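Since the structure of chain B is provided, determine the placement of chain W on it from the hints.
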Amino acid sequence: MKILYFAWLRERMNKGQEDVAPPEAVTTIDQLIDWKAANDEGFALAFEDRAIIRASIDDELVDHDAPIANAREIAFFPPMTGG
Amino acid sequence: MWVRIQREPFDPGAESNAFFATDGAAGATVTFTGLVRSTPDKPIDALILEHHPTMAKKQIERFATEAMEKFELVDIAVIHRFGEMKVGEVIVQVMAASPHRQAAFDGANYVMDWLKTDAPFWKQEVTSDGAKWVEHRKADDDAKNKWNTETPPKSV
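From first to last, the protein sequence lines stand for chains B and W.
Take the position in the first sequence, starting the count at 1, then add 38; the result is the number in the numbering used here.
In terms of the numbering used here, the second sequence has 60 at position 65, counting the first letter as 1, and numbering is strictly consecutive.
It cannot be assumed that every hint is accurate.
[Claimed, not checked] Far from chain W, some chain B residues (derived; all Cβ distances over 10 Å): (1) 44; (2) 94; (3) 97; (4) 107.
[As the list claims (entries may be wrong)] Only pairs whose alpha carbons sit at most 27 Å apart, straight line, appear in this in silico DSS-like list of lysine-lysine: (5) B:53 - W:141; (6) B:40 - W:52; (7) W:52 - W:81.
[As the list claims (entries may be wrong)] A short list of chain B residues far from chain W (calculated; beta carbon distances all over 10 Å): (8) 58; (9) 59; (10) 106; (11) 119.
These are computed hints drawn from the structure, not numbers from a lab.
What you are looking at is a predicted structure, and each value in this text was computed from that prediction instead of being measured.
For every residue, glycine included, the Cβ atom is placed at its ideal position computed from N, Cα and C.
In isolation and in its complexed conformation, chain W is listed as follows:
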C-alpha cells in the first residue's frame, strides 16, 4: 500500500503499468483516474486544489489500509495532486489489485468515496470571472454512507 501527494503531473498509464508489474498474486486490477473536466454549459480553464499536507496523506493512507483489509486486496496505491491543473489533466488515481475482480472494483470505489468527503482537499474552479470555491456535493456524502461504516478511531 502506498500513497503519494504531489504537485507535479504524472503519466496515468505508466503508473498503472508499474503497479501491475509489482506482484504476481493479483488476478485483477482496477485503475480509477479522475480528470479535470470542462463542459460547454459550465466551461472552466483550470482547477486549483488546496490541501492540508500531513492530514491528507494520513487520511488517504487510512482509507487505503481499510480497503486492503475489508476487501482482502493484494495491493492498493493512490496518487493525488494539489496545486493548479488544466482541463484534461489527471487529479487523482487509485489502483487496486486483488485475486478476483469484484474486490478490486470495491477497493478502488471505497477509497474514492471516502477520499471525496474526508480527505482534506478543496477545489477552486478558475474561469474568466476568476476563481470560485467548489461546493461540497450531497451526492458525495450519500456515496460514502452506502458503505455503512464509520471510519474506526485511531487505535491508541
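One chain only, chain B, in its complex shape:
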C-alpha cells in the first residue's frame, strides 16, 4: 500500500509518499504507526505526538483504530487549516 504525508509531517519525513508492505499482524492505523515507528527512526520522531495526527484511507477520514485491510492509499497529516 501507499502512504502519503502532508504539511509538516511531509517535511519531517522528507518525502511526500512511500510504498510499504506491513506484515499481516498489522491490521489498524495505530498498528501501522507502531510498526513504522519501530522500523524507521525518522518516522518515530515525526509521529511523536501521534494523538494530533489525523489519517485517511482511500480519501475517507478515519480514526486510528480503523482497519487497514484492502487499503490502497493511507494518508497522514496534521490538523487541517483550510478555508
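For chain W alone, kept in the frame of chain B given last:
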C-alpha cells in the same frame, strides 16, 4: 451542486453573478468569500496552501451535498484555491441559494465550518522570516461542533 479546487485566482464577483443567474427558484443567495489577510501586529506577505487533491474535492462535495439536503437549498457551489496567494487575494468562496434567506445563510455557514476542520488543506504563512505552518484553531472545532452532527459514513 459543484465544487472546484484550483490554483488560479478567480473573480469573486463574476462567480457570484454567474451563480445567481443559474436558477429562478431561488429567492435568496448568500456568498461567503475568504481572503488572505495581513494585520499590522501580525504582518504576512503571502499564504501557501497545500492540499490532498482527491480527498479535498470529495470532502467538500460531501459537505455541500449535506448542506443541500439539510437546508433544502436550491443550489450550492464552492471554489477553493491551493498554492501561493498574496494578501487580499481570494482563498475560498461558498455560494448558497435557497427559497428564503435563512437556509442560504445556514448552508454557506455549514459548509465553511466543516471545511475548516475536515477538508485536507494546510496553510503556511510567509513572512520575512520564512514560511511557518498555521496552527489549527480550537475555535474552528467549536464552530463545527455547534451543528451537533457527525458526518455520516459513506454509504456502501
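We went through each hint and held it up to the structure:
1. 44: violated, 6 Å
2. 94: violated, 6 Å
3. 97: violated, 4 Å
4. 107: holds, 15 Å
5. B:53 - W:141: violated, 37 Å
6. B:40 - W:52: holds, 20 Å
7. W:52 - W:81: holds, 23 Å
8. 58: At about 18 Å from chain W, residue 58 of chain B clears the 10 Å cut-off, so the statement holds.
9. 59: holds, 23 Å
10. 106: holds, 16 Å
11. 119: violated, 5 Å
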